[in-house]
Amino acid sequence: MNRALLILVTCLLSYSSFGQLDYRVSSIPDSLKENAEAVMRLDINKFEVKSIGRGVYYNKYAITIFNPKGKNWAKVYIDYSKLRSVNQLNARVYDAGGRQIRKVKQNEIKDISGFDGFSLYSDARGKYIDLTQTEYPYTIEVEYSQTYDGLLFFPSWNAVPSQDIAVESSELTVSVPKDYKLRYKLNKVSEPIIKSTEEEKTYSWTINNVKPIEYEPHSFNRSNSLPRVKLAPSDFEIEGFQGNMDSWESFGKWINSISAGRDDLTDEHLAEIKSLIGSETDQRKVVEIVYSYLQKNTRYVSIQLGLGGWQPFPASSVAEKGYGDCKALTFYTKTILSELGVPSMYTLVNAGRNARLIDKDFPSQQFNHVFLCVPQENDTIWLECTSQTDPFGYLGKFTSDRDVLLIDEKGGHIVHTPAYSTENNLLTTQISVNIDENGHAEGSIKSTFEALAYEYIDHFTRIDEREKRDFINEWYDLNGLTLLDFNYKEEKLRVPRFVLNSNIKVNHLASVSGKRFFIKPNLVNKIHNIPDKVSARKTDFTIRYGRMERDTVVFNIPENIRPEHIPKPKIIETDYGYYESKIEVDQGEVKYYREFRINKGVYDNDEYDSYVDFYEKCARADKQKIVFVKST
Amino acid sequence: MKFLIKLSLILLVSSVSYGQNKVKFGKVSEQELIQAASLIEPEAAAEVLYDKGNSYFIYSDENGFQFVFERHRRIKIYKKEGYEYGDIEIPFYEATTNTREKVGVIRAVTYNYEDGKTVKSKVTNAEIFEEQLNKYWVVKKFAFPNIKEGSIIEYSYSITSDFIQNLREWEFQSEIPTVWTEYNLRVLEYLDYQRISQGYVPFVINKEGNQVETFTYKYQNASGGRASSGTNSFSSNSATYKWAAQNVTPLKEEPYMTSIEDYKAKIGFQLISHNFPGSPQKFVAGSYEAMNKDLLDADYYGGALNKSNFLKETVSSIISGKNEDEVPLAIYSYIKNEFEWNGFTSLYPGNLKETFREKKGNSANLNLLMVMMLREAGYKADPVLLGTRDHGKPHPIYPNKDKLNYVLCYLESGDGGILLDATRKSLPFGMLPQKCLNGNGWRLSSTNPGWVPLKSAHKNEKIVQIKLTLAEDGSTNGDVVLKSRGSNGRSVRNNIQSDGEDKYFTKIDESLLDWSVSETSVEGIDDIYSEVLSNFTISNDENQDADIIYLPLQLYDAYGENPFKSETRIQPIDFPSGFSRKYLLELTIPDNYEVEELPESTVFQLPGRAAMFQLSVNQLGDKVNVVGIFKLKKTFYLPDEYSGIKQFFDLMIQKQSEQIVIKKKS
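Residue numbers (this note's numbering), protein chains in the order written: chain A, 1 to 632; chain B, 1 to 666.
No lab work stands behind these hints: they were computed from the structure. Some hints here could point you the wrong way.
Stated by the list, open to error - One side only, chain A facing chain B, incomplete, derived with CB under 8 Å: (1) 81; (2) 82; (3) 126; (4) 134; (5) 289; (6) 292; (7) 293; (8) 390; (9) 473; (10) 514; (11) 518; (12) 530; (13) 574; (14) 576; (15) 605; (16) 631.
Said to hold, decoys possible - Computed footprint of chain A on chain B; a stretch qualifies when at least three of its residues, placed anywhere within it, have a C-beta under 8 Å from a C-beta of chain A: (17) 68 to 82; (18) 123 to 133; (19) 144 to 152; (20) 174 to 186; (21) 204 to 212; (22) 377 to 385; (23) 506 to 519.
Virtual Cβ for every residue (Gly too), placed ideally from N, Cα, C.
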């Protein structure tokens, strides 16, 4: 009884200790209003770890919105699911003078599906309230709490939630049972104030008066420039599965524990696969047969319910239904390989071509995808089990060149996935055309796409004839182009290669004015996307993938035409890339060579201007023209 | 050779057999399983082999009349890209727990052909999920198991519905080819539906007939103190229909088209009246005139528009001191500036008092308030109901409110009238958002109902004006003015307001690679009624001391790129509006240089002056004058006009790349 009362009192204290708040716009310091579409007036975050399997998160925040650009801050969305419920949600709106003008009734809160757009079914839903007003400025205040049923992760505190907003005050308080070890990592925030009572330990952080931080392009891990506290559990429990996250090793053990016993393929099913293997003993070949079986017989269907968000479906369910999500398909493949005596490892990754890199010094749930690693003495194999079309062992922009968490019997550890080299990622274009006296041309184009460049065209074999022709027309984007015919060859290897040959006719390839002919020799591969300029850049910038382009264009010109103006050879060499172009004239033949290379890397903020300049110079060089004169 | 003939015969037979034989659930033939590609479109990723729908009516004492919709569908998966057709969604309507649609048993089976045997995998009930889409619509979802290249999936379900106005339409065409599709309909004699057909698919069966149906009901009589009960029956001489089509080609998205729903071959049904035994005939909207009357009479529409007392004060304060010509603009500006559009569109007034109080609402709330205020001020104003470009065009004769999703305000004026939309602050009086430019809208009016063309009162116009001077040392300097008018002005204005002036000019700077851009300024940003002027200077000293200078005719890209890259076109082209672009260059040449060569002047146009391009290049003393004009007048083009318009763009872009050649005097 006493205990119950005590809890009640604590709750009351923590939830209502804020009396009348001052939401007058006039009380915001001027320095914060500058360049801000909105100012976070207060942001109170409390997270109470009740037990290793349960936590309560409370959040109350108020934002003053100055203009329509900040409108989205007034559209409030609180997500919930089977494992995370929203207990109370209140919202109010105040005018510039700080007077309350609206209080949201419970029946005005919309309940909407939180589908990610690729899942067939998921239990993710959200509460939605639209608080937008016509008259600016105004202040919205939102207060809610969420119960975490299962504690695989703790809420993070992003003290500055985005780059367009200034923050007047924000605080985080985390309380944990006295002997519970809270794990946290700080970014641009100072150490917490820690208080202990007999029952619990409380950590708190506050931050005041932060100006908006402007967005800068190509800031790869831009959230690193914002103050934030990452939190993670030590011991945790979710739906009866206990684990510990102090190390990657122990986290890996937990992953193992939730999939234990799910390697339940029937002998019949295994026999079917073994019959495909026959007497093959070469491990690499065995894996290849299994992967091709997987690609033929399964497909990706995502169903995310409760713990199912982390736990793979049993291997037998994939065998039975022929579908599963990334966890199920990967685990199924791993089970088959293991039955065939080939060890493989379930691997967690934060996938995506521009995905955030994980923080390997802070073991925690930072992943959004699972794939499979099959260690081999030389050249380990990586398998994307959700794709029916990837070449065997292909590691593209989705999962290459990043830290991933490998899970083996002992637990987990971090390894780095391989990357294709800049020279691997090669796009070669070879053109040869005959030009007649009216400037019309006829000839051929051969494009070769290798490694990551293959991703430009990896869908080509799967589209219909009309779409193929559309693709070629759009890829070359050459005015006056008529595609006569084409053929192609795809080599689905670990370094995939795709060759596309086209025969073309081009009306007015050369533009003719009187007796002169003008040709921009870089016909189909001009640089279009110059990085956005940034004045006085503050953050470093990242080029995530290196790549290379090599072009050769040969023009056969009529006899009575001679060059009048030929652009000089160009070489531009920088840390970020290299550009070279030159033109050779040999009687009736004009040859244009070009090479363009971009080097991956992380570069200092003060180098950014010259990076943009490099691109501009290359783009300009790509537009140079040759002038010919007709001798009559 | 013989073998080939035999094979093609078999295929031919198999493709027709759907029409002649009854297709039974579960009886999938070996031929169907073996078939490796579609005969309609060999590269198709999947194909509808068979799709059959039945709709008919039932009667029960508990539920009264209901319709039943049954569907049986069989799809062949040829390629991995077709796997997505194995994810099924069945939407149904659930207004309350009393009136609702019920989905009956769902059967779903995947068939694979393995080692000469057909292997079946069923979808179990546990694998069927239900998701609440919004207040009324719920969807059943499931994924077929064991889908491989070559699989056939088959499913059937039925829906029993209390909503006779929801009688299911039937689509005879899909994004994949369809071998056989048929719809069977049996309609009670008490119900009158208007059929709405569209698309170009010929029917192989198009049959109408009659069939007498008998329904029994229980009765209880309590007259004269003696209760009697029993069953009795009544019958309906129902109309029967059967439509079938075969080998239907798929539909695809293309640039510059309105909603794909406008092109799909389908038959829909509009309930016009019902006349159940024992109740008088009741008409439900069956013509636009009837819909017009219906909506005007309805409390929730016409009634709501008439209750404008709460606006009186506001209107009189807005109009006080203004003359007749100023009032409409004042009211328009009032709604636009004082109200916030919540981003949603609607056809219905909803609670207009609340909109007025909260100063916030959907498109219909705002535009209908404007109608009311204009009327209150003594003007003739009416709602105009329409379907937006992404929603599709309404049928010109048979109304279906689901096809309408937006309301504009029509203001009658001396020269015919003007359409107004107050949802966006950036819209000047009489300009419509692009998505509203979709054919005709229905003017909902007690005096002048009818169709009005959905046209903006503003043009889409851009003028590029460059004055360029070549100096004696070969360097070039110029002043550029970009004049953006009408909807082009609005888009530039929006662009600058959202990204800022710096970004806007950075983009221009990037497009003028050979030139350095400076002294930038814009005018007309704050006033949405003025044109937007973007001013800047350009310079280039790469040609210093050059003997020959080549200057592109078109320094600044005024016309844009060719939007049509595809070689052929399936659907018509439907531009939202016409537009015009003008390019003016005046080049001054110094004494020590002379013109060596100029591009030729030219004019070309599409038949009937649908689009025209005119270029004139002249030299007058030390000045070269270039005038380029591009106008697109006609906005709708049939597929066989496609190659013409594509060539037109090609030619225009090619003309722009021609050069002016200037030589140093010797």
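Comparing the hints with the structure gives:
At about 14 Å, the closest approach between the beta carbon of residue 81 of chain A and any beta carbon in chain B exceeds 8 Å, and the interface hint on this residue is violated. Because the smallest distance between the Cβ of residue 82 of chain A and any Cβ of chain B comes to about 13 Å, over 8 Å, the interface hint for this residue is violated. A least Cβ separation of about 13 Å between residue 126 of chain A and chain B goes past the 8 Å threshold, and the interface hint is therefore violated. This hint holds: residue 134 of chain A has a C-beta 4 Å from the nearest C-beta of chain B, less than the 8 Å allowed.
Checking residue 289 of chain A against chain B: minimum C-beta separation of about 16 Å lies over 8 Å; hint violated. Nearest Cβ of chain B to the Cβ of residue 292 of chain A: about 12 Å, over the 8 Å cut. The hint is violated. A cut of 8 Å between beta carbons decides the hint on residue 293 of chain A: the least distance to chain B is about 11 Å, and the hint is violated. Interface restraint check: residue 390 of chain A against chain B, minimum CB-CB distance 11 Å, threshold 8 Å, status violated.
The closest approach between the C-beta of residue 473 of chain A and any C-beta of chain B is roughly 5 Å, which is under the 8 Å cut-off, so the hint is satisfied. At a threshold of 8 Å, the smallest CB-CB gap from residue 514 of chain A to chain B is about 4 Å, leaving the interface hint in force. Annotation: interface hint on residue 518 of chain A holds; nearest CB of chain B at approximately 5 Å, less than 8 Å. A least Cβ separation of about 5 Å between residue 530 of chain A and chain B falls short of the 8 Å threshold, and the interface hint therefore holds.
The criterion of a C-beta within 8 Å of any C-beta in chain B is not met by residue 574 of chain A, whose closest approach is roughly 18 Å, and the hint is violated. A least Cβ separation of about 18 Å between residue 576 of chain A and chain B goes past the 8 Å threshold, and the interface hint is therefore violated. The interface hint given for residue 605 of chain A is violated, since its Cβ lies 18 Å from the closest Cβ of chain B, which is over the 8 Å cut-off. A cut of 8 Å between beta carbons decides the hint on residue 631 of chain A: the least distance to chain B is about 15 Å, and the hint is violated.
For the stretch 68 to 82 of chain B, the proposed coverage by chain A is satisfied: 3 residues have a C-beta within less than 8 Å of a C-beta in that chain, meeting the threshold of three. As drawn, the stretch 123 to 133 of chain B meets chain A at 5 residues by the rule of a beta-carbon pair under 8 Å; at three or more, the given contact holds. Using a Cβ-Cβ cut-off of 8 Å, 5 residues of the stretch 144 to 152 of chain B lie near chain A, which meets the minimum of three, so the contact claim holds. Under the rule that three or more residues need a Cβ within less than 8 Å of chain A, the assignment of the stretch 174 to 186 of chain B is violated, with 0 such residues.
A count of 0 residues in the stretch 204 to 212 of chain B with a Cβ less than 8 Å from any Cβ of chain A is obtained; the coverage claim is therefore unmet, three being the minimum. Counting residues of the stretch 377 to 385 of chain B whose beta-carbon sits less than 8 Å from any beta-carbon of chain A gives 0, not enough to reach three: the coverage restraint is violated. Here the stretch 506 to 519 of chain B counts 4 residues with a CB under 8 Å from a CB of chain A, which clears the bar of 3, and the coverage holds.
The structure does not agree with the numbered hints 1, 2, 3, 5, 6, 7, 8, 13, 14, 15, 16, 20, 21, 22 stated previously, though it agrees with the rest.
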